[in-house]
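Start from the sequences and build out the full structure, keeping to the hints where you can.
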Amino acid sequence: MSLADVVARLRARELSPREAVEGYLRRIDGARDLNAYITVRAEEALAEAEGEARPPLYGAPVAVKDLIGVAGTRMTAGSAILRDHVAQEDAAAVARLRAGGGIVLGTLNTHEFAFGALTTSPHFGPARNPWSRDRVCGGSSGGSGAAVAADLAAAALGTDTAGSVRIPAALCGVTGLRPSTGLVPTRGVFPVAWSFDTVGPLARSAADCALLLDVLAGTRTDLTPEPQPPKVGVLTALFERADPAVAAAAERALRDLGARLEPVDLPELADAGTIQQLVMLPEAADVHLRWLRTRLADYGPDVRARLLAGLLLPPTAYVTGLRLRRRFGEALRRAFERVDLLAAPAMPVVAPRIGEETVALHGEEVPYRLALIPFNSPWSLAGVPAASVPCGFVDGLPVGLGLAGRRYAEAAVLRAAHRLQQVTDWHERRPS
Amino acid sequence: MGTEPQSSPEFLRRLAAAQGVEPSDEDLEAVRGFLDAILPHLERLAATLEPEDAP
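Chains as they are written, first to last, in this note's numbering: chain H, 1 to 432; chain U, 433 to 487.
Calculated from the structure, these hints are not laboratory results.
For each residue, glycine too, the CB sits at the ideal point set by N, CA and C.
Worth double-checking, as some hints may not be accurate.
A few chain H residues facing chain U, derived, Cβ under 10 Å [unchecked claim]: (1) L266; (2) L278; (3) R293; (4) L311.
Right under this line is the structure:
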């Protein structure tokens, strides 16, 4: 069931919050092999279901990435270092979720410290893709993607620093939104890199994402279609860079959307990934400096290498990155003077197998991490809203269409996604 | 700004030590891979900035 369906049944009292929680707990128990959850709050969620069912969520059970503090609940960040850490208070996003009538079922698997795009923590094991259990869910909010795809929560919260909501949404066949940087408070979320970190929803549909965003951000998202379809800039360089079958699915979705399409050549995209690394890596290294000094061996090798790279970049790299980020943001603002949205495949490939570190692209083996950066970093770098919307399947695995909008134009992004979901049913497909 | 000295294991080890961090040889090799990928782009991009390009 979608979040909207669950809420409708709760509101009509066809379903009680306790029954809803019990139903999801049974499903979670039956899908343990997915390793989507790190901590299930069974007793707490059942107790909370006895409280007042407040609007607009009326007791809908949701789950949050294990990077987001839930008072009294273990928050590991997928790490050995925080394995026994218990959050002392709710993160601001969780507090808003509860105030809006949400019940937190538990915390969801993540790449270690949310600093990678696989969710294959050496400390808690990989989250498995519900569409093919030998495949990754993407990351870093991989447990969130798996939980929504397998109906182990009515919706989930993830975090997105460099694609961590959009990547698992694409690879797990759900809808995910990275809001504009700063729109949803990040207090109580363990940081990856302060100036890029966001909290965003993963859910079955754009309408579900809008419902959650409004709870998280206090917005009032109107999905009513505009009289004219949106003008969408097609980022041809990214379509050409993606796997041809993935690109074809995304192109078909743009036609289905009925948008006014305009090819856009944005050469600045080519350096967006590098620029984000120049800023993100030193910020992350600073977050972790105390543990780099005292607990270096407790990190997984990939995260350790990234953090050390942030520590050992030349001292001027960070400021150079900030200067380049500003210039990139200006280039993107100019592009958005011509179009309402920019579109590309959300990911260049479908979910790789667990353990694979490279993906095949145009006959070449490319490191997975490097392959995905150009599709995700630009929107993080500019701090604009970006979504992944289910748009088809390749070899039985989901593909997402990426849509990005102007800063704080979440409604435009979600309206376009909703428009697509009115004429296609990709978002309603479920793994067997 | 030459890239080789800035990603050589000995330079990186001293820089890490100055910050109180003691990476292994294997760690430094992995870091070197990252830096060798980033530093040439940093140099190229930095050269495109004008003094008035503020952060």
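Do the hints match the structure? See the list:
1. L266: Violated, because the Cβ-Cβ distance from L266/H to chain U comes to roughly 16 Å (cut-off 10 Å).
2. L278: 6 Å, holds
3. R293: 4 Å, holds
4. L311: With a minimum Cβ separation of about 6 Å from chain U (threshold 10 Å), the hint on L311/H holds.
Comparing the model with each earlier hint shows a violation of hint 1 alone; every other hint is respected.
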